Amino acid sequence: MDDLKQIKHLFSRAGFGMRFDEVPAFSNVPVKQAVKSLLNSTDDALLPIPTDTDYTAAMKGDAASRKMFMQQQRQEEKDLNMAWMDKMMNTHAVLQEKMTLFWHNHFACRSNKAFFAQQLNNIQRSNALGSFRTMLFQVAEAPAMLQFLNNQQNQKNHPNENFAREVMELFTLGRGNYTEADVKESARAFTGYGFNKDGEFVIRKFFHDDDQKTFLGKTGNFTGEDILNMLLEKKETAHFICSKLYKYLVNEVPDAAHVNAMADVFYTSNYEIKPLLEYVFTADWFYDEKNTGNLVKSPVDFLVGLSRQFYITYDRPEVLLQFQKVLGQVLFYPPNVAGWPGGRNWIDSSSLMYRLKIPSTLLNGGLIDFEGKTDPEDEAYIATQRNAQQFVTNRVQSSVDWDKVFSGVPKNASNASIAGFILQPKVNNVILNKINSAADTKAMMIELVSTPEYQLC
Amino acid sequence: MDRRHFLKNTALASGALMVPAFLKPFEALGKSELRGHKNLVIIQLSGGNDGLNTIVPYGNDIYYQKRSTIAINKNDIVKLNDVQGFNPSLSALKEIYDQGWMSIINSVGYPNPDRSHFRSMDIWQTGSESNQFLTTGWIGRYLDSNCQTCSKPYTAIEVDDTLSLAMKGAKMKGIAVQDPGKLYQTTREPFFKDLVHEHSADNLSEDNLGYLYKTMIETYSSAEYIQNTSKTYTVNSEYPATQLGNQLKTVSKFINSGLQTRIYYVSLSGFDTHVRQQDQQARQLKIYGDAVAAFIKDLKQSGKLDDTLVMTFSEFGRRVEQNASNGTDHGTANNILIYGGKLKKAGFYNEAPDLSQLDNGDLKYQVDFRDVYATLLDKWLNVNNGQILTKSFAGLNFV
Numbered sequence: 102m103d104d105l106k107q108i109k110h111l112f113s114r115a116g117f118g119m120r121f122d123e124v125p126a127f128s129n130v131p132v133k134q135a136v137k138s139l140l141n142s143t144d145d146a147l148l149p150i151p152t153d154t155d156y157t158a159a160m161k162g163d164a165a166s167r168k169m170f171m172q173q174q175r176q177e178e179k180d181l182n183m184a185w186m187d188k189m190m191n192t193h194a195v196l197q198e199k200m201t202l203f204w205h206n207h208f209a210c211r212s213n214k215a216f217f218a219q220q221l222n223n224i225q226r227s228n229a230l231g232s233f234r235t236m237l238f239q240v241a242e243a244p245a246m247l248q249f250l251n252n253q254q255n256q257k258n259h260p261n262e263n264f265a266r267e268v269m270e271l272f273t274l275g276r277g278n279y280t281e282a283d284v285k286e287s288a289r290a291f292t293g294y295g296f297n298k299d300g301e302f303v304i305r306k307f308f309h310d311d312d313q314k315t316f317l318g319k320t321g322n323f324t325g326e327d328i329l330n331m332l333l334e335k336k337e338t339a340h341f342i343c344s345k346l347y348k349y350l351v352n353e354v355p356d357a358a359h360v361n362a363m364a365d366v367f368y369t370s371n372y373e374i375k376p377l378l379e380y381v382f383t384a385d386w387f388y389d390e391k392n393t394g395n396l397v398k399s400p401v402d403f404l405v406g407l408s409r410q411f412y413i414t415y416d417r418p419e420v421l422l423q424f425q426k427v428l429g430q431v432l433f434y435p436p437n438v439a440g441w442p443g444g445r446n447w448i449d450s451s452s453l454m455y456r457l458k459i460p461s462t463l464l465n466g467g468l469i470d471f472e473g474k475t476d477p478e479d480e481a482y483i484a485t486q487r488n489a490q491q492f493v494t495n496r497v498q499s500s501v502d503w504d505k506v507f508s509g510v511p512k513n514a515s516n517a518s519i520a521g522f523i524l525q526p527k528v529n530n531v532i533l534n535k536i537n538s539a540a541d542t543k544a545m546m547i548e549l550v551s552t553p554e555y556q557l558c
Numbered sequence: 258m259d260r261r262h263f264l265k266n267t268a269l270a271s272g273a274l275m276v277p278a279f280l281k282p283f284e285a286l287g288k289s290e291l292r293g294h295k296n297l298v299i300i301q302l303s304g305g306n307d308g309l310n311t312i313v314p315y316g317n318d319i320y321y322q323k324r325s326t327i328a329i330n331k332n333d334i335v336k337l338n339d340v341q342g343f344n345p346s347l348s349a350l351k352e353i354y355d356q357g358w359m360s361i362i363n364s365v366g367y368p369n370p371d372r373s374h375f376r377s378m379d380i381w382q383t384g385s386e387s388n389q390f391l392t393t394g395w396i397g398r399y400l401d402s403n404c405q406t407c408s409k410p411y412t413a414i415e416v417d418d419t420l421s422l423a424m425k426g427a428k429m430k431g432i433a434v435q436d437p438g439k440l441y442q443t444t445r446e447p448f449f450k451d452l453v454h455e456h457s458a459d460n461l462s463e464d465n466l467g468y469l470y471k472t473m474i475e476t477y478s479s480a481e482y483i484q485n486t487s488k489t490y491t492v493n494s495e496y497p498a499t500q501l502g503n504q505l506k507t508v509s510k511f512i513n514s515g516l517q518t519r520i521y522y523v524s525l526s527g528f529d530t531h532v533r534q535q536d537q538q539a540r541q542l543k544i545y546g547d548a549v550a551a552f553i554k555d556l557k558q559s560g561k562l563d564d565t566l567v568m569t570f571s572e573f574g575r576r577v578e579q580n581a582s583n584g585t586d587h588g589t590a591n592n593i594l595i596y597g598g599k600l601k602k603a604g605f606y607n608e609a610p611d612l613s614q615l616d617n618g619d620l621k622y623q624v625d626f627r628d629v630y631a632t633l634l635d636k637w638l639n640v641n642n643g644q645i646l647t648k649s650f651a652g653l654n655f656v
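Keeping their order, the protein sequence lines are chains Y and V.
Add 101 to a position in the first sequence, counting from 1, and you land on the number used in our numbering.
Add 257 to a position in the second sequence, counting from 1, and you land on the number used in our numbering.
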């Protein structure tokens with residue numbers, strides 16, 4: 102594979118795809134250098150929600166003010182979602198955002214307070230390319246997570262095991278590497294972990310059980326922090342994270358040897374994420390044919406990638422919320438604490454049809470211009486679509502900067518090379534034949550992003 | 258396009274001389290498969306419907322003690338026996354009950370119940386234990402089991418825009434069809450038609466690209482089969498003009514037109530009654546009762562009721578005692594309502610819920626919901642429930 106092809110593959114995994122106008126900057130750049138520039142690119146925190154609204158005051162008010170508060174809460178949730186989509190669509194720090202998305206799924210959480218959700222999101226962002234150790238500690242103290250996993254109800258003599266269990270099962274060791282007794286004991290260590298009305302972490306000493314606990318074979322007067330340290334001491338934690346990361350970045354089927362090697366790097370670096378990513382992105386096997394063009398894009402990946410490729414701006418960003426819903430991934434709303442399963446789980450009859458139609462809806466008012474052989478039924482169909490085009494465009498209110506898109510395409514680029522650039526999987530003859538009869542480059546591009554191939558990265 | 262013309266195009270384009278099995282018109286199936294087969298209709302009430310105000314234990318004083326303002330007045334209740342009766346909003350179902358087409362199972366739940374909507378709904382849809390996270394649904398795994406009657410992509414249809422987890426298997430999934438005409442239209446986009454008809458054999462590999470093409474092709478042919486079959490039947494019975502009414506009318510159309518589908522799934526939400534329960538629940542129960550009554554009578558009239566079983570559930574019931582907002586909070590066990598023409602035990606399947614032996618204010622379950630699923634799988638769908646559920650369940654005797 103030549104360097105540019107490798108870099109395009111790198112961008113589709115470490116970012117949200119490569120755009121035509123990014124090619125010149127990477128034309129003669131060695132892959133190692135492209136990796137370094139991705140690792141060193143960072144951006145600011147996401148802060149669309151300025152302050153936390155006073156929950157208790159609003160809930161004590163009358164029915165009207167309660168209703169207004171609920172509406173404000175819902176609006177904040179929407180604002181947070183749209184702000185993150187916007188950031189992903191416009192940032193230069195693509196790897197940081199792609200990894201924030203990974204940690205968003207790993208530390209899956211739901212909160213009805215957008216301010217807390219935002220706080221957790223920024224913990225994941227600021228540590229996305231930093232230290233997993235630091236991130237784990239900060240997540241364990243985040244109000245959103247403490248609330249979601251009921252740790253406020255975890256008290257001395259009245260333990261609630263949910264938090265302790267998920268920390269072990271889903272965030273660190275993974276199933277099978279601890280016992281039920283370990284769960285019970287560590288729950289005691291986390292008693293008293295809570296937060297105040299300002300969203301600040303506090304340890305409620307009165308609720309904390311500071312007696313001896315036995316955890317993973319050791320006994321002591323362990324605190325929550327001690328538990329987290331002990332979990333990180335186990336290499337199984339490094340292995341568990343690396344296995345998930347492999348499925349996210351490389352292949353749904355983990356290669357045992359590669360994952361073990363990743364775990365070595367991660368563990369010996371004391372859970373630093375940059376060396377781990379650099380190891381993966383510079384490994385030969387990362388660029389193996391069987392690891393390219395084979396991952397199903399997550400709904401967010403798909404929407405962000407499409408928006409970046411075509412410089413789409415949204416006068417009605419709510420449309421992205423609707424698309425997230427029908428495709429099965431709403432940011433800040435994982436189905437449960439185990440996150441989104443991903444892979445083929447994204448695809449069923451209805452979500453696939455939506456994925457195949459969304460590009461033309463956003464780019465061309467729902468019309469896929471068709472120049473092939475048509476029968477009367479087809480022509481009637483196309484006529485209806487043409488008539489509905491303005492209506493769809495008015496509903497969706499998205500604009501495409503076609504000039505910017507075309508200016509990035511090399512002057513004498515063949516259709517095959519354009520297709521090969523836009524699509525990650527190999528372009529077969531059926532598609533090539535189709536696009537060769539397209540009326541113009543714009544029509545051709547719309548067809549290309551409406552293929553099943555476009556759903557893979 | 259007639260069959261010969263179609264075959265010619267496919268052969269030329271792909272160079273293959275054999276038409277892949279799933280592209281053959283479905284009329285080619287043996288006529289024997291068209292003989293009356295059994296239909297299962299699942300109706301999901303989302304939000305945690307308050308079972309105690311649905312099938313009201315009016316004969317138990319504790320009910321009135323715990324619900325000073327939201328209990329249903331004895332005089333308003335549509336009495337079914339000495340202990341329990343319908344919320345008056347379900348009056349349309351009295352006729353159904355009297356005909357022996359309804360069976361009510363009390364106190365259905367599971368060990369270590371979860372009171373989170375998402376979590377409990379996942380547990381019900383995947384048939385998992387309370388501490389398990391499964392990524393496939395129980396109906397999806399039924400589709401995966403590759404049994405005689407569940408090998409077609411349209412074997413399970415959800416009348417909705419998106420597909421629930423319940424319908425997703427590891428290999429096979431149900432199909433979401435809110436409106437068969439609309440789905441058909443969507444798949445007839447000339448560009449997609451071409452991709453379907455001209456794809457090469459390479460596209461159908463086992464990898465993810467192959468999976469996408471397979472799904473696209475199956476959706477394309479299922480949409481055509483569903484539309485062309487169902488449009489031959491017009492539903493003449495009256496249905497209420499509600500979304501659930503329309504969805505059940507669509508199911509009736511599918512069943513009566515002879516679709517080879519075995520399982521239908523529909524949902525009605527709005528049952529999370531934390532505040533001012535009586536009004537909100539009354540509205541939703543009326544929508545439910547009126548639509549289901551119309552559906553059952555329609556199927557009786559067209560001779561399909563004996564071959565149809567309907568099961569209604571919710572992800573949990575609600576607490577016995579009312580809260581401070583004239584509502585109730587998330588609880589545990591709930592009733593399941595079964596409808597059909599050939600029920601083994603019409604009326605009440607088991608005793609009314611015990612309101613004195615509670616678990617921290619919540620009902621204790623008497624029947625594990627997996628036993629209900631097991632009954633449906635073993636006796637109605639003719640598969641071994643142990644292969645679909647996390648282990649073998651004994652099942653019940655309502656059918």
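Keep in mind the hints are simulated off the structure, nothing from the lab.
What you are looking at is a predicted structure, and each value in this text was computed from that prediction instead of being measured.
Even glycine gets a Cβ: it sits at the ideal position worked out from N, Cα and C.
Be careful, since some hints might not be right.
Sample of chain Y residues with no beta-carbon within 12 Å of chain V, all distances over it, derived [unchecked claim]: (1) K214; (2) F216; (3) R445; (4) S451; (5) L453; (6) K474; (7) Q525.
Across the chosen pairs, the derived CB separations fall in these ranges [claimed, not checked]: (8) V/Q405 with Y/T475: 35 to 45 Å; (9) Y/P477 with V/D418: 41 to 51 Å; (10) V/Q405 with Y/D122: 33 to 43 Å; (11) Y/F507 with V/N639: 35 to 45 Å.
Hint by hint, here is what the structure shows:
1. At roughly 17 Å, the least C-beta separation between Y/K214 and chain V is larger than 12 Å, which holds for a residue marked as non-interface.
2. For Y/F216, the condition that its CB be more than 12 Å from all CB atoms of chain V holds, with the nearest at approximately 21 Å.
3. Its closest Cβ contact with chain V, about 6 Å, brings Y/R445 to no more than 12 Å, contrary to its assignment away from the interface.
4. Distance check on Y/S451: its Cβ comes as close as 4 Å (rounded) to a Cβ of chain V, failing to clear the 12 Å threshold; non-interface status is violated.
5. Separation of Y/L453 from chain V is inadequate, the least Cβ-Cβ distance of about 5 Å not exceeding the 12 Å criterion.
6. Its closest Cβ contact with chain V, about 8 Å, brings Y/K474 to no more than 12 Å, contrary to its assignment away from the interface.
7. Y/Q525, annotated as away from the interface, has a beta carbon of chain V within 12 Å; the closest lies near 10 Å.
8. Our hint of 35 to 45 Å for V/Q405 and Y/T475 holds, since their Cβ atoms are close to 40 Å apart.
9. Checking the proposed 41 to 51 Å range against Y/P477 and V/D418 shows it is violated: the Cβ atoms sit about 30 Å from each other.
10. Hint check: V/Q405 to Y/D122, Cβ distance near 56 Å, so the stated range 33 to 43 Å is violated.
11. The beta-carbon spacing between Y/F507 and V/N639, approximately 59 Å, falls outside the hinted interval of 35 to 45 Å.
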